Amino acid sequence: MGFLDIKQATKSYGAVQVLHETDISIEEGEFLVLVGPSGCGKSTLLNMIAGLENITSGEIAIRGKSMNGVKPADRNIAMVFQSYALYPNMTVSGNISFGMEMHGIEKSEREKRISQVSDLLQIKHLLDRKPGQLSGGQRQRVAMGRALVREPDVFLFDEPLSNLDAKLRVDMRTEIKKLHQKLGTTIVYVTHDQIEALTLSTRIAVMFGGYVQQLGTPKEIYDNPANMFVAGFMGSPSMNLFPAKVVSENGQSAAEVSLANGTKASIPFATEELASDVGRDIILGIRPEAITDRDGADRNSQAVHIVEAPVEVTEPAGSDTFVVSQIGGKDVTGRFRADVAVNAGDTFPFAFNMEKAVAFDPQSENRIA
Amino acid sequence: MATTHAKSGNSIGRIVLYTLLVFFCIYYLLPLYVMLVNSLKPLSEITAGGMMALPQEWTIAPWLSAWSSAQVGVEATGLRPYFLNSIIMVVPAVALSTIVGALNGYVLTKWPFRGATILFGLLLFGCFIPFQMVLIPMARMLGLMGLAGSVPGLIFVHFVYGIGFSTLYFRNYYAAFPTELVRAAQIDGAGFFRIFWRILLPSSGPIAVVCIIWQFTNIWNDFLFGASFSDFDSQPMTVALNNLVQSSTGVKEYNVHFAGAIMAALPTLLVYIVAGRYFVRGLMAGSVKG
Amino acid sequence: MSISETANPQGSVVDRLRDALPKIVLSPTVAIVAIFVYGFILFTLYLSFTDSRILPSFGWVGWQNYENLFRIRAWDTAVSNLVIFGLLYIIICCALGLLLAILLDQRIRAEGFIRTIYLYPMALSFIVTGVAWKWFLDPGIGIEAVVQGWGWTSFEFDWIKNREMAIYTIVIAAVWQTSGFVMAMFLAGLRGIDSEMMKAAQIDGASTFALYRRIVIPQLRPAFMSAFVVLAHMAIKSYDLVIALTGGGPGTATELPATFMYSYTFTRNQMGIGAASAVIMLMTIAAIIVPYLWSELREKK
Amino acid sequence: MRKLTMMTAAAALLAASASVKAEDVEVLHWWTSGGEAAALNVLKQDLEGQGIGWQDMPVAGGGGSQAMTVLRARVTSGNPPTAVQMLGFDILDWAKEGALADLNIQAGLEGWDDVVPAALQEFAKHDGKWVSAPVNVHSTNWVWANKAVLDELGIAVPTNWDEFVAALEKVKASGKTAIAHGGQPWQDATVFDAVAMSTGGPDFYKKAFIDLDEETLGSDTMKETFDRMAVIRSYVDDNFSGRDWNLATAMVINGDAAFQMMGDWAKGEFLNAGKQPDADFLCFRFPGTQDQVTFNADQFAMFAQGSEVGKEQAALATAILSPSFQSAFNVVKGSVPARTDVSDEAFDACGKKGMADLKKAADSGNLYGSMAHGHANPAAIKNAMYDVITAHFNGEYDSETAIEELVTAVQINK
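Residue numbers (our numbering), protein chains in the order written: chain X, 1 to 369; chain C, 1 to 290; chain G, 1 to 301; chain A, 1 to 414.
Simulated from the structure, these hints should not be mistaken for laboratory data.
Quick caveat: nothing in here was measured; it's all calculated off a predicted structure.
All C-beta atoms in this analysis are idealised placements derived from N, C-alpha and C, irrespective of residue type, glycine included.
Mixed in with the good hints, there may be bad ones.
Partial selection, computed: residues in chain G whose CB lies under 8 Å from chain A [unchecked claim]:
no., residue
1, I54
2, Y66
3, N68
4, T246
5, N269
6, Q270
My request is simple: use the sequences and hints to build the entire structure.
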């Protein structure tokens with residue numbers, strides 16, 4: 001039993017099931033990110049943990065205690081909302097102390113805690129202002145302060161950074177991470193931004209269509225996506241997914257792909273997991289950073305293979321140059337060193353690091369190797 | 001702002017604009033002008049004709065008469081005693097219907113349940129019921145409740161038929177109020193009423209103004225309920241004004257009638273003038289967003 | 001979001017009360033509306049099938065009241081008047097309200113002052129303004145006499161005395177009362193429109209006219225809808241207005257269903273027929289309002 | 001109907017004991033003009049002299065119809081006023097509901113049966129019981145004329161229809177308005193009453209409006225009546241619609257018009273304008289109705305508070321019928337006393353004439369309830385007749401259509 005246990009939890013609105021049997025368990029101090037596109041059920045799940053939505057069936061427990069039917073205020077949780085949900089009619093300190101006031105905490109204690117939290121978040125000078133007078137970043141801090149001051153068992157974050165501009169978002173992301181490391185509290189964090197998910201979390205639940213597609217550490221999710229959805233959703237630029245056929249070449253199983261110039265190329269797999277599947281159509285998944293120019297290839301890899309492929313577009317991005325070629329009718333992006341001399345229209349050697357390649361079944365879309 | 005495109009450079013356009021605005025001002029002010037001017041004339045000037053003319057001889061006697069000595073019943077009391085009757089009826093009725101409307105709007109938007117929308121529709125349809133129709137059954141109900149011919153009875157009636165619109169106003173306003181705030185307050189441990197009182201109500205100023213103006217105007221100006229459900233000692237202003245204006249025989253003292261009419265309308269006028277500038281803001285904040 | 005439904009079989013009574021609180025708060029309203037609106041409607045429906053005259057009576061007479069109702073010419077007049085009056089009133093109020101709102105929206109001086117002038121008639125009941133209006137419209141002492149006094153002797157404005165035209169004078173006075181309110185609604189709608197969109201349209205080269213017609217007015221739909229509800233409500237309930245201005249005359253030329261219902265129920269001691277007319281009136285209202293409510297409320301779900 | 005009445009009466013009993021102190025009277029009426037209120041004040045002081053408080057509940061408007069609406073609400077809510085000003089058939093309707101108190105004891109003591117004209121008693125008694133106390137008799141078939149205008153044009157008081165038309169023609173030729181009239185249904189009907197009486201005589205009048213005989217209503221005489229209404233319309237100025245009666249009276253007072261057909265309450269307007277009867281203005285019966293009086297009478301009905309009439313109600317009824325009040329009130333109001341034995345000393349010329357006419361008509365069986373004022377048939381029929389008369393007067397119907405519609409109106413509302 002973990003610190004936060006979600007057991008077979010479902011949610012239906014009438015006949016429509018928006019969250020299917022979900023099992024998640026995390027330990028104290030973990031940072032769980034629920035990530036997925038909008039409508040995947042992640043916010044619903046968060047609201048269920050908060051007690052803002054009832055559970056249709058199953059159970060949610062914190063510290064081993066079932067939370068079903070316990071009202072939000074009694075779950076010892078705190079939540080930071082997307083819009084921050086600061087009470088517009090109260091000052092910053094009023095906002096921060098409201099929850100404590102509701103829980104009957106004495107005034108002196110409230111003031112002490114407000115002082116601590118405002119020090120921690122550097123918002124001391126804002127305490128007497130109204131939310132309307134604050135900038136986006138300041139509101140964000142106040143919203144966190146309001147959550148922190150409650151000293152809850154679990155922090156819930158509902159897309160807290162999505163209303164900030166890009167720069168601030170990165171700064172606040174770092175700040176949240178620091179805060180988590182410093183305080184060691186348990187956090188459940190909802191976002192649709194996979195980078196936030198990867199950077200912040202100790203555990204990620206990728207959700208889609210009301211199902212948890214995969215639950216794992218950021219590395220597991222990134223390297224070994226359970227299915228094509230997870231593979232495509234996590235990582236930026238996202239994983240290249242293109243059709244291939246398992247063939248046997250020189251006694252070694254390989255992926256045969258068709259190139260834009262009409263020729264076929266076969267790339268040997270790093271393992272023999274698919275040796276018995278010769279002739280099978282698969283979807284090959286390989287991240288851009290595993291497709292490089294010859295010199296940029298991972299020197300530790302045992303399975304780098306060169307494919308001469310026509311270059312369609314090059315996208316210099318400063319530190320790297322993204323090079324796109326059509327393979328199996330799909331755009332496949334490789335991440336080349338910035339100073340590689342490659343132009344659109346060239347046929348150029350692409351180095352595939354097959355140790356990083358994964359294969360999916362085209363029908364079930366699940367990973368098979 | 002929609003105003004940004006208006007160029008103030010086009011002077012012919014501005015002249016046309018202001019001419020139109022002034023023209024409409026005249027259209028709206030004329031009846032009041034006629035009433036005011038004629039309330040300050042002696043009766044002989046009125047009967048001599050020239051309703052648009054300014055008084056040749058200014059007098060405030062009609063106002064004094066309407067206030068304290070005009071005949072509205074057996075006693076020549078003027079409208080004075082009825083003013084208080086109206087106030088003690090209107091204030092609680094407006095307050096009640098506004099508060100309940102606010103609570104209803106709060107429940108319907110922030111604590112919705114199955115059928116809430118249909119319920120709201122049914123509530124709204126109630127706004128359209130003709131008051132003449134409810135007179136007799138309402139009288140019966142008031143009798144059964146022991147509220148017949150009393151101020152609480154009148155307050156109750158106005159409250160009942162005020163709920164529809166006040167709920168409409170607050171519901172539309174609260175629909176635009178961020179639900180996340182309510183959720184945040186729940187997590188903070190605030191209960192149903194506390195959330196309403198501490199979170200929603202302090203932000204309800206604009207719509208409350210709209211609702212209060214609406215209710216105040218309607219209730220203050222009501223005659224039918226006021227006449228039918230009051231008692232000899234609780235007749236509101238409108239009934240007295242009606243008695244003043246509609247007297248069956250005898251000389252019609254038009255100047256006193258006009259003075260009385262303006263007097264009876266003063267509280268509502270005052271509400272519009274004082275709260276009018278919040279009115280558009282209030283409408284903007286909610287009720288026209290639909 | 002429906003905490004209220006959080007099923008909790010183990011919950012204490014207090015908890016369950018707490019969960020039911022929103023419904024408890026709403027229940028008085030529900031009860032009141034059930035009795036004082038729908039109960040009364042049913043009661044009226046029942047009365048319309050009885051021989052009630054001076055007071056409610058419970059002798060069943062079937063459809064007789066309805067048959068009589070449709071034999072009464074004044075009822076036809078009342079219904080057709082409501083159509084004329086209702087349509088003109090709503091259309092003119094909306095048009096004038098919109099025009100005034102647009103005029104006021106041109107960054108003019110003393111906006112607040114002018115707005116109050118446009119708005120104030122809403123504050124007055126026709127018990128108050130009725131006499132003034134009657135005078136105005138009276139050709140002997142009103143506008144006609146004044147304009148003729150200015151030397152335009154052929155000027156005629158005797159609509160209130162003219163059977164064909166009297167209903168239009170009712171429209172004039174009604175528009176006077178409510179158009180300012182409609183203006184306020186539209187003004188609020190205008191102020192709510194995103195200014196960036198206005199800028200974009202200007203950069204696209206839209207003239208002021210095109211700007212309003214193509215960009216602004218279509219976005220005022222919610223304001224139109226709210227105005228429609230308020231105006232329809234006013235049109236149907238117009239009673240004071242007619243009584244104060246014409247008393248239904250000349251003849252029965254300005255009879256409206258509301259005045260008809262009142263006079264049959266109370267003045268003429270024909271409560272059964274009065275109830276029948278109320279039922280027809282309610283059904284008409286329902287036919288207009290219910291589809292509207294339906295579309296508006298369903299959309300928002 | 002009975003059940004509800006019982007309920008109502010029981011509720012009334014309950015509420016009456018609760019809300020009004022036993023010794024006070026709450027009086028619902030629509031007399032709010034200065035003169036009327038002064039007249040009522042006589043009554044009020046009389047009662048206060050006996051230790052009975054007066055709680056005033058005035059609701060003006062629509063010739064009492066507003067007050068009747070309020071009454072309906074008050075009775076339905078079980079909180080009826082003690083006494084209510086009422087007219088004609090309303091009294092009988094309420095009496096049928098069993099809502100009114102029996103005043104027979106007072107009537108017997110004071111001998112009302114002997115002093116109140118029989119035609120009036122029909123509206124004050126139900127089932128042989130007195131249920132209301134008549135205050136006055138208004139006669140409605142008066143013509144008011146500006147004497148100066150008549151003298152100037154050499155017009156004598158007309159005594160029949162043809163003379164009247166000739167007189168009207170003379171006035172019209174002089175450029176003045178012949179008839180001052182206010183186009184409101186009840187005013188149209190007031191004229192119609194007189195014209196019908198003049199055209200068809202009392203029997204016709206009774207058959208048509210009191211007995212509601214459909215043949216009479218559809219007869220040629222009725223058509224003739226409507227034709228004469230059209231003639232009268234041609235002598236009315238074009239601006240008549242909706243005009244209040246007192247404004248029409250003012251036209252006569254100011255000499256802009258020669259005649260007005262109106263009840264005796266118009267006299268107050270002349271007197272208020274400082275005019276003298278016979279010197280400045282004339283009052284005479286509508287030509288052709290010199291012997292008849294059509295009337296309406298204001299009465300006060302007492303609402304039942306149980307088996308017996310309340311002490312204060314009895315006192316009020318007695319006070320109303322007392323000769324001193326009858327005289328004092330009617331001098332002010334312009335009407336004549338409901339008792340025919342009151343001294344005419346305090347009355348002016350028109351008042352004296354009215355009292356004499358009333359007594360004569362009552363004695364000779366020429367006193368008829370006015371259709372226009374709800375003393376010939378019930379409100380439903382009266383108003384339906386208004387509709388037809390007004391529609392015809394405004395040119396909506398021709399005379400042929402009018403008599404057809406009149407018959408239909410009676411059929412529907414009978």
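Which numbered conditions among the earlier hints are violated in the structure presented, ordered from lowest to highest? Checked against the structure, the only hint that fails is number 2, while the rest are satisfied.
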